[in-house]
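In the working numbering, the protein residues as written are 25 to 872.
I should point out that these hints are in silico values taken from the structure, not numbers from a laboratory.
Where hints are given, some of them may not hold.
Said to hold, decoys possible - In the BS3-like style, the derived pairs of lysine-lysine whose C-alpha atoms are separated by at most 30 Å in a straight line are:
| # | residue 1 | residue 2 |
| --- | --- | --- |
| 1 | 764 | 628 |
| 2 | 783 | 764 |
| 3 | 266 | 783 |
| 4 | 531 | 548 |
| 5 | 754 | 764 |
| 6 | 531 | 628 |
| 7 | 377 | 545 |
| 8 | 266 | 628 |
| 9 | 420 | 531 |
| 10 | 91 | 178 |
| 11 | 420 | 377 |
| 12 | 679 | 783 |
| 13 | 548 | 753 |
| 14 | 266 | 91 |
| 15 | 266 | 764 |
Claimed, not checked - Pair by pair, the computed Cβ-Cβ distance ranges are:
| # | residue 1 | residue 2 | range |
| --- | --- | --- | --- |
| 16 | 149 | 650 | 23 to 31 Å |
| 17 | 273 | 70 | 49 to 57 Å |
| 18 | 219 | 89 | 46 to 54 Å |
| 19 | 626 | 419 | 25 to 33 Å |
| 20 | 89 | 293 | 47 to 55 Å |
| 21 | 794 | 361 | 36 to 44 Å |
| 22 | 275 | 357 | 17 to 25 Å |
| 23 | 523 | 680 | 47 to 55 Å |
| 24 | 107 | 739 | 22 to 30 Å |
| 25 | 754 | 249 | 30 to 38 Å |
| 26 | 107 | 219 | 19 to 27 Å |
| 27 | 739 | 83 | 40 to 48 Å |
Just so it is clear, CB atoms sit at the ideal spot from N, CA and C, and this is done for glycine as well.
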Amino acid sequence: MVLVMMMMKLVKLVSSFLVVFLFLVNASFALYTPLDNYLIACGSSQNITFQGHTFVPDSQHSSLVFKTGNSVIAISNSSVAPFPVYQSARIFTQTAYYIFDIEQVGRHWIRLYFYPVPNSGHDLTSAAVTVVTDDFVLLSNFSFRNYNGSYMFKEYTVNVTSDTLTVTFIPSNGSAAFVNAIEVVSMPDELFFDQASALNPPAPFSGLSELAFETVYRLNIGGSLLNAQNDTLGRTWENDLKYLHVNSSVTNVSVSPSTIKYPPAVTPEVAPNWVYASAEAMGDANVANSNFNITWVFPVDPNFSYFIRVHFCDIISMSLNTLVFNLFINTDIALGSLDLSSLTNDLAVPYYKDFVSNASANSNTLTVSVGPDTMADITNATMNGLEIMKISNALKSLDGLSSVESLLPTSPSNENKVGIIVGCVVGAVAAIAVVGLCYCCLVGRNSKSTQQGRPLLSLPSLYWNSQTMTKNSTFSQKSGTASYISLASINHGRVFTFQEIQDATNKFDETLLLGVGGFGKVFKGTLEDGTNVAVKRGNPRSEQGIAEFRTEIEMLSKLRHRHLVSLIGYCDERSEMILVYECMSNGPLRSHLYGTDLPPLSWKQRLEICIGAARGLHYLHTGASQSIIHRDVKTTNILLDDNYVAKVADFGLSKTGPALDQTHVSTAVKGSFGYLDPEYFRRQQLTEKSDVYSFGVVLMEVLCTRPALNPGLPREQVNIAEWAMSWQKKGMLDQIMDQKLMGNVNPASLKKFGETAEKCLAEYGVDRPSMGDVLWNLEYALQLQETASALTEPEDSSTNHITGIQLTGLEHFDSVSMIDMGNSATDDDAEDATTSAVFSQLVNPRGR
25 MVLVMMMMKL
35 VKLVSSFLVV
45 FLFLVNASFA
55 LYTPLDNYLI
65 ACGSSQNITF
75 QGHTFVPDSQ
85 HSSLVFKTGN
95 SVIAISNSSV
105 APFPVYQSAR
115 IFTQTAYYIF
125 DIEQVGRHWI
135 RLYFYPVPNS
145 GHDLTSAAVT
155 VVTDDFVLLS
165 NFSFRNYNGS
175 YMFKEYTVNV
185 TSDTLTVTFI
195 PSNGSAAFVN
205 AIEVVSMPDE
215 LFFDQASALN
225 PPAPFSGLSE
235 LAFETVYRLN
245 IGGSLLNAQN
255 DTLGRTWEND
265 LKYLHVNSSV
275 TNVSVSPSTI
285 KYPPAVTPEV
295 APNWVYASAE
305 AMGDANVANS
315 NFNITWVFPV
325 DPNFSYFIRV
335 HFCDIISMSL
345 NTLVFNLFIN
355 TDIALGSLDL
365 SSLTNDLAVP
375 YYKDFVSNAS
385 ANSNTLTVSV
395 GPDTMADITN
405 ATMNGLEIMK
415 ISNALKSLDG
425 LSSVESLLPT
435 SPSNENKVGI
445 IVGCVVGAVA
455 AIAVVGLCYC
465 CLVGRNSKST
475 QQGRPLLSLP
485 SLYWNSQTMT
495 KNSTFSQKSG
505 TASYISLASI
515 NHGRVFTFQE
525 IQDATNKFDE
535 TLLLGVGGFG
545 KVFKGTLEDG
555 TNVAVKRGNP
565 RSEQGIAEFR
575 TEIEMLSKLR
585 HRHLVSLIGY
595 CDERSEMILV
605 YECMSNGPLR
615 SHLYGTDLPP
625 LSWKQRLEIC
635 IGAARGLHYL
645 HTGASQSIIH
655 RDVKTTNILL
665 DDNYVAKVAD
675 FGLSKTGPAL
685 DQTHVSTAVK
695 GSFGYLDPEY
705 FRRQQLTEKS
715 DVYSFGVVLM
725 EVLCTRPALN
735 PGLPREQVNI
745 AEWAMSWQKK
755 GMLDQIMDQK
765 LMGNVNPASL
775 KKFGETAEKC
785 LAEYGVDRPS
795 MGDVLWNLEY
805 ALQLQETASA
815 LTEPEDSSTN
825 HITGIQLTGL
835 EHFDSVSMID
845 MGNSATDDDA
855 EDATTSAVFS
865 QLVNPRGR
């Protein structure tokens with residue numbers, strides 16, 4: 025009996041110990057409780073539960089002040105709204121604001137929910153909404169009319185430094201503004217630090233605490249969707265599958281979340297254990313070289329910089345020091361020879377790293393890759409999570425080029441203060457101007473005699489430092505500034521002054537904007553003699569700088585061809601990098617394929633455009649003393665003139681080809697994802713066949729009229745090259761062609777076109793044709809089309825479709841009695857028949 029009682033006491037003691045132990049464990053991983061936690065259902069009359077959180081009506085929140093002017097409330101049927109949080113909305117016809125009392129100074133989440141509630145009495149789909157905080161512009165003139173989606177969720181982080189936070193909604197252009205729900209939630213101070221690692225060139229980046237972020241992408245790599253219920257800070261983590269570059273082959277790896285061992289420096293607030301418990305690793309890539317990279321591609325706004333946080337946790341290794349790999353952001357090595365176990369001293373331990381970068385050069389994408397370290401005898405790499413956030417620009421904006429001051433109305437008291445300040449400033453400036461004028465008059469007399477004999481001092485450059493100058497640097501006597509591009513020895517066309525460029529473009533009038541690329545904006549201009557030109561102005565924030573500027577000038581100054589865009593001149597005055605080209609009035613090929621209201625191109629026009637571009641590329645590869653590889657062939661770099669003649673443009677990334685005794689050029693990977701040669705991407709070995717692959721993507725884009733990459737589509741359709749090739753190999757390319765071409769394309773011509781594209785898109789460069797062969801095949805496809813059109817309707821060559829051709833009695837075709845291209849004939853029969861007609865035309869000049 026005594027023994028039994030002793031056993032019971034022991035059990036009770038152990039149980040008590042376990043309770044205390046579990047309490048301590050749970051306490052160490054307790055959910056973060058924010059001091060500020062506003063979840064507001066705008067316009068609602070009752071609480072709303074969404075993803076495990078309760079949203080309170082804005083009219084009933086005790087710590088919230090809102091000035092809504094003449095606001096109205098709209099309520100949606102629960103069966104219509106996509107989620108409960110979108111069932112109600114508050115609509116503002118004049119500027120309105122919410123003021124939140126802040127208990128915890130520091131970074132806060134600001135989350136906004138938008139859904140144009142139907143039957144609200146306002147056209148919310150067309151409403152132009154602007155949202156600002158005390159210091160930052162969050163949204164500027166947003167409208168659902170230009171948005172690809174029925175509802176929208178936006179997440180921002182702003183550093184709040186006072187005891188209140190004001191969120192203001194401004195109706196734009198006389199319309200209404202609206203919002204369905206708002207979250208303002210404080211976050212742990214240690215979640216974001218002031219510093220990160222900048223890339224290109226590598227350097228510490230500080231001052232993040234003064235900037236605002238907008239969440240653009242947050243991925244649970246290798247895992248499923250995690251919503252606010254699965255995250256201690258209410259974040260959403262989506263699966264990464266649709267962002268994977270499809271040439272990568274990955275294997276999903278996952279473990280129990282309970283196996284994740286958080287170190288002191290990483291908490292569940294950094295990322296939930298569900299994120300660290302799943303990963304992507306390298307699988308069977310089915311390529312000769314196993315050292316390929318796993319790459320994720322993200323469309324981004326190239327006018328902003330981005331905060332990038334990568335999450336790692338080695339859940340794939342069986343022992344320490346068996347996983348060494350590299351991390352790339354765009355083409356820059358962010359982390360080299362990364363051995364996670366040497367940093368964490370254990371497996372299944374989370375680790376993260378922060379970076380700041382821009383979009384890829386000459387592209388509206390940002391890419392993140394992991395791949396094996398070639399110096400280590402290990403062929404594997406992994407990643408668990410990824411966050412990409414847009415960083416506010418110099419105007420403190422996350423959307424557009426407007427500042428808070430330019431958007432918010434000024435109060436009368438502020439206007440008086442501004443008037444006093446302006447008056448003082450104007451008076452001071454006037455006094456300084458008088459003194460300065462007297463000084464200039466005195467100095468001007470003394471300088472006239474010496475000015476012609478020596479150069480003026482150059483202005484400091486935004487793009488280059490003094491180390492970039494060489495002894496061959498040119499000097500512009502007109503502008504009085506040094507040219508740092510060392511172009512004096514060759515005639516590179518006309519050197520424009522900055523004033524001439526401003527006059528030609530009406531001071532870079534935005535109404536003359538033709539487009540925006542990786543280098544900068546392109547404006548339409550008119551020179552003094554009436555010549556129309558295209559003016560490309562370098563963007564100081566662009567990754568493309570002096571190297572691309574110089575390459576473009578040097579390449580185009582020595583190349584002249586009907587199918588290459590001509591360079592008229594350049595301007596490098598006042599630290600500007602400006603290129604002036606002949607004006608291509610019909611713009612880029614892409615704008616005639618999709619995304620605009622321009623009339624569709626006929627099949628014959630598309631073939632002629634492709635032939636023109638192929639001729640330009642063929643000249644680059646063979647026409648110069650040493651071949652030139654374009655390295656960025658895509659539909660935006662094929663421009664059309666008044667007569668739809670195609671010309672290849674943008675030579676900023678071009679590279680001189682290999683010498684006679686070489687097979688390739690070893691160089692860092694540059695180009696645009698979706699068009700990038702997979703062999704070049706894996707091996708960093710550039711050849712003319714890399715251009716051929718990119719041109720194959722262009723051919724498929726011309727046929728299918730959709731982007732080369734579209735992450736919004738199902739995975740098998742994301743990459744046009746792989747998707748179209750699968751249909752081509754089934755002989756069913758006509759099933760995915762542009763619907764506007766249906767019935768107007770000769771089957772033989774389409775077959776030849778598809779075969780040509782298929783050869784261009786071969787996995788290995790050695791299996792791809794030369795551009796000369798591509799050109800010949802496209803011309804052949806055009807002849808097949810023209811012959812069929814001429815035979816079908818000799819009086820109207822605009823009709824390209826043929827269902828049956830009776831050839832008996834037709835001149836030049838006596839050897840053939842009939843070609844039946846109806847349903848009973850095969851594709852081979854069709855091609856053979858039309859081929860006969862083509863060669864008859866070649867024999868008799870009157871045939872064409």
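Satisfaction of hint between residue 783 and residue 266, Cα-Cα up to 30 Å = 27 Å, holds
Does residue 91 lie within 30 Å of residue 266 when you go C-alpha to C-alpha?
-> 42 Å, violated
When you take the CB atoms of residue 219 and residue 89, is the distance between them in 46 to 54 Å?
-> 36 Å, violated
Is the Cα-Cα distance between residue 531 and residue 548 30 Å or less?
-> 11 Å, holds
Do residue 275 and residue 357 keep their Cβ atoms within the hinted range of 17 to 25 Å?
-> For residue 357 against residue 275, whose Cβ atoms are near 24 Å apart, the range 17 to 25 Å holds.
Cβ distance range 49 to 57 Å for residue 273 and residue 70, holds or violated = 51 Å, holds
Given the hint that residue 764 pairs with residue 628, does the C-alpha gap stay at or below 30 Å?
-> 13 Å, holds
Is the straight-line distance between the alpha-carbon of residue 420 and that of residue 531 30 Å or less?
-> 24 Å, holds
Agreement of residue 377 and residue 545 with the hint, judged by alpha carbon distance not exceeding 30 Å = 33 Å, violated
Falls inside 19 to 27 Å, the C-beta gap from residue 107 to residue 219?
-> 37 Å, violated
Beta-carbon spacing of residue 794 to residue 361 - inside the hinted bounds 36 to 44 Å or not | 39 Å, holds
Go ahead and decide if the range 47 to 55 Å is satisfied by the Cβ distance of residue 523 to residue 680.
-> 35 Å, violated
Checked against the numbered hints above, the structure violates hints 6, 7, 8, 13, 14, 16, 18, 19, 20, 23, 26; every other hint is satisfied.
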